[in-house]
Structures are given as C-alpha cells and as structure tokens.
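The numbering of the sequence shown is our numbering, which starts it at 58 and goes up by one.
Hints should not be assumed to be uniformly reliable.
DSBU-like cross-link-like pairs, simulated, lysine-lysine; straight-line CA separation at most 35 Å [unchecked claim]:
id, residue 1, residue 2
1, K103, K79
2, K79, K155
3, K87, K103
4, K103, K155
5, K87, K155
Derived Cβ-Cβ restraints for the label pairs, each shown as a range [unchecked claim]:
id, residue 1, residue 2, range
6, T181, D125, 28 to 38 Å
7, D127, E71, 36 to 46 Å
8, T78, P165, 33 to 43 Å
9, D69, A139, 38 to 48 Å
10, D68, D127, 35 to 45 Å
Keep in mind that the hints were calculated from the coordinates and are not lab data.
Even glycine gets a Cβ: it sits at the ideal position worked out from N, Cα and C.
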Amino acid sequence: MSRVQLALNVDDLEQSIAFYTKLFDTEPAKVRPGYANFAVAEPPLKLVLIENPGHGGSVNHLGVEVPDTDTVDAEQVRLAAAGFAAIEERDTTCCYAKQDKFWVAGTPNGERWEIYTVVADSPTFSATAESGSTCCGTDVSATDQPAATAGVCC
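My request is simple: use the sequences and hints to build the entire structure.
Encoded structure:
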C-alpha cells in the first residue's frame with residue numbers, strides 16, 4: 058500500500074502526540090526522542106512529528122511511502138522519464154528506520170518530496186558522521202542526534 062507522508066515540525070512532541078492521537082483515533086506507530094510517527098489507516102497517511110522548538114506548525118517535508126524497493130525504483134524511472142531529477146539515497150538510516158529512497162529535486166516552490174520504503178527498524182535516528190549520509194535531505198554528518206538537537210531532519 059502506498060500512502061502520502063506529511064512530516065510536521067512541532068514545538069512540543071508530547072502535546073502533539075496527544076492531539077493527533079485524538080484527531081486520527083489511533084496511537085503512534087513509533088515514538089522516539091524528538092520523533093513520532095502515525096500509520097493512519099483512514100485516510101491513508103504516514104504522519105511524522107519532528108520536535109523542532111520554535112518551528113512548530115511548519116512542514117518539514119512531504120513524501121510518499123511505498124511498499125518496497127522495487128516500487129521506489131519504478132517511481133524513480135517514471136519521474137525521470139517525466140523530466141524530474143532525483144537525489145538517490147539507498148541503504149540509509151533516517152527517522153529511526155533503514156530506508157531506500159530518493160528525493161525529487163527542483164520542485165517549483167522548494168518543497169521537499171521523498172519517495173521511500175522502510176526496509177527495517179533502526180535504534181538510531183540517522184546514520185553516523187562517518188557514513189556521510191543524509192536524513193530527510195539534510196546532511197547529518199555533524200550529528201547523530203534527533204531533530205530536537207540537530208534542528209532539522211525527519
């Protein structure tokens with residue numbers, strides 16, 4: 058199943074979890090320091106909350122979660138044929154998950170869209186500094202901390 062992802066910056070994670078639990082009548086699928094996500098069945102939505110004090114109420118990034126890496130590949134080919142550039146990230150750690158994904162580059166309004174699949178759970182928010190990896194399109198080589206500390210990321 059594919060579903061749209063909406064990643065929001067929030068000022069207070071616990072308060073936001075309480076609100077969205079009631080709004081969508083569902084408990085979070087994952088809660089970690091500075092981070093929570095909801096797998097909402099109806100409407101199909103992956104809601105990601107990133108604690109980022111002072112930036113609450115703003116969109117962090119948008120995405121489409123797809124069921125597997127083959128679908129990530131197919132979407133990347135489809136969008137390339139339509140003239141969209143991509144920033145590819147395979148076997149990356151982001152948002153407490155191992156992921157295969159790509160970012161749509163050059164959106165007209167600067168919004169960040171990722172097409173991704175979760176390959177496995179991860180005990181860490183992002184990859185280590187040595188890997189030179191990114192998380193949610195942002196270089197995280199300087200930190201392996203959650204968004205509340207790093208200031209940006211999913």
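Hint by hint, here is what the structure shows:
1. K103 <-> K79: 16 Å, holds
2. K79 <-> K155: With a Cα-Cα distance of about 29 Å, the restraint between K79 and K155 holds, given a limit of 35 Å.
3. K87 <-> K103: 11 Å, holds
4. K103 <-> K155: Distance ~16 Å between K103 and K155 Cα, so the pair holds.
5. K87 <-> K155: Given pair K87, K155 holds - Cα atoms ~14 Å apart, limit 35 Å.
6. T181 <-> D125: 28 to 38 Å: For D125 against T181, whose Cβ atoms are near 23 Å apart, the range 28 to 38 Å is violated.
7. D127 <-> E71: 36 to 46 Å: Distance hint for D127, E71 holds at roughly 38 Å.
8. T78 <-> P165: 33 to 43 Å: 34 Å, holds
9. D69 <-> A139: 38 to 48 Å: 40 Å, holds
10. D68 <-> D127: 35 to 45 Å: Given a distance of about 38 Å, which is inside 35 to 45 Å, the answer is holds.
In this structure, the one hint that does not hold is number 6.
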